[in-house]
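*Asks:* Here the protein sequences come in this chain order: A and B.
Each residue of the first sequence is one higher than the one before, starting from 0 at the first, in numbering that gives the first Met the number 0.
Each residue of the second sequence is one higher than the one before, starting from 0 at the first, in numbering that gives the first Met the number 0.
These aren't lab readings, by the way, just hints derived from the structure by calculation.
Note that this is a predicted model, so its numbers are computed, not measured.
Not one of these hints is a red herring.
In silico DMTMM-like links for lysine to aspartate or glutamate, alpha-carbon gap of 20 Å or less: (1) A:LYS79 x B:GLU204; (2) B:LYS120 x B:GLU196; (3) B:LYS115 x B:ASP199; (4) B:LYS115 x A:GLU58; (5) A:LYS79 x A:ASP69; (6) B:LYS215 x A:ASP96; (7) B:LYS215 x B:ASP199; (8) B:LYS115 x B:GLU196; (9) B:LYS215 x A:GLU99; (10) B:LYS115 x B:GLU204; (11) A:LYS286 x A:ASP353.
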Amino acid sequence: MARETPAGDLRLANLTKTFGAFTAVDDLSLTIPQGSFFALLGASGCGKTTTLRMIAGLEEPTSGQVLLGDRDIARLRPYKRPVNTVFQSYALFPHLDIFENVAFGLRRRGIRSVDQQVRQMLSLVQLDGYERRRPAQLSGGQQQRVALARALINHPQVLLLDEPLGALDLKLRRQMQIELKRIQTEVGITFVHVTHDQEEAMTMADTVAVMNAGRIEQLGPPAEIYEFPATAFVANFLGQSNLIAGEVTGGNGNDILVTAHGGRFSVPAARARTNRGPVHLGVRPEKLHLVAGAGQVPAGCQYLEGTISDASYVGVSTQYLLRTGWGTEVSVFVANSGAQQRFVPGNRAVAYWDPRHAFLLGRRAGDDDRTTPVLDEPVGASS
Amino acid sequence: MSALAHVPTGSGQSASPPPAARPGRHRLLPYLLLLPGAAWLFLFFAVPLLQLAAASLYDPDGSLSTGYALTWAFGNYPTALQAYWPQFGRSFLYAGIALVLALLMGYPLAYAIAQKAGRWKNLLLVCVIAPMFTSFLVRTLAWKTILSDNGWLVGLLRDVHLLGPDGRLLATPVAVVLGLTYNFLPFLVLPLYASLERLDYRLLEASSDLYASPLKTFRRVTLPVSMPGLIAGTLLFFIPATGDYINAELLGTPNQYMIGNVIDSAFLVRLDYPQGAALSFLLMSAILAVVFVYLRRAGTEEVL
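Same shape as in the complex, but just chain A (with noise of 0.2 Å):
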């Protein structure tokens, strides 16, 4: 396969998209390495969607810039951009076999012995021997291949994915990620990938960025993003966080204390995004773990009190609610590893946590704690 020479990093600079009052994309600026998965995540109408159009082409920029290496294409059209889309809903063209569906992109470029390529791309998406079947004959999943493999046998110097496992079922959609990311891994070409679904973007990205009414709230790997989230849309969207309103009271070198609902906390520095004023003082579900009474918790952690309010087994953990005496329910994840107690409605208990798993958010003065995760709501709710 003929490499096309490294075109560099993909970087937005400044880019803004507004469709008459309402701004999509608001100034935008980030960098995407050569080589790496790239997951924009964010619910949607965040801007996500947009963002991708306008790399592809098919929405023309407000202003900005889209570079690729030190060349700007925000004003090319798409079928002169080295960039290749998977969409949505795949696309292909219904009128076209399988073969020709592949083939469309080298033919469009005048390139007329297209048959090993299609060959070794249809056997890269494991099609073999699906040439001269229409779309409409194929599976959801096998699609979604064909359209894939549509778009890579240009290589391209960034492949788009739009959401691209959305209408697949469950099983299918972690088949497919695994498979994505072995082709990436594969290919070595520069993926961004579009969702709303957090599992899937942190399943799949070397990166991901969290968007938020068309700005990104917080970027970075994965695994750094879910454990020290920088806002609390972060926190709540991507997977789910209790997150306590309290205040900064002070600091002892090392730690930051608060105060909240009368009780007396300290996360250490390093976890803290803000050392005064109003917080939010974060702890994951499954960081937090149930005690009977406040006799048990280990030394040096730090526990709140109150009655479980509900507990539902889901197979491979517990979750339980934990009503704190001034009314919020927090959320503990147990795993049902065997050794533990089982609590149910009603008992008296303790959620203790590793001061260490804690995290330390700015909060708006005004904002309550908030312990459910963020569900796909429309832009601008939570701004």
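Dock chain B against the given chain A, drawing on the hints supplied.
*Replies:* Chain B alone, transformed into the frame defined by chain A:
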């Protein structure tokens, strides 16, 4: 017949087998449903067609007053063709030119209504269909006024010297072709609209993403995807236009007469039934041949 054979066993995908009870009733039901339509088709299409076929083989020397004898006079066919081949050729020529004109107008029109009209879509569709609310004859007579020697159109064309000072439109082949184009345009536009309306704009985006310029996208995606509508539309346009005689009658002269006019006069003026019937069959087989070749070349399995 294969469609019928499937009916009693339920529609293809349904997994549940038909109930074993009352198999006789299930097997008969589709035929019973077909019966009224089939009877109608038999009485008012098959029987008259046979009658026409017989008439085309009557003794050409007979007449309405002396009566006709079925003498298997196959010679009626070459005789009719020899006498009227210019009108035959003219029918296909006029209908063909009208079809090209209609395509040049109708495709962009159908595309615009289907893909670009937005909330005006329904209004524009009504505009395409609205002329059908008045009679075909009345509309063609209106064209007579539009194209008349003292009309504004001829005046305008004379002023810009597209027509000579004595040039005219009425009673010329131009008038007949324009009339055909106008009268049958909706039959072309509506099926085209229906298939362009289903055209997914994301296919066009995908094509553009895959290095196809707008022109190549039209050639490689839009046109093939709209092919079923295009074929249906051209057939619905071409077949009646070829057999039409009103436009040549009202907008042309005997020099522009098409085969429809000849058949019309054979049956109603000259009372030469064998010749009228023979010409009818010749026209029908010629159209069938053209359609067959066309469908083979267009090669759309979706249509056939």
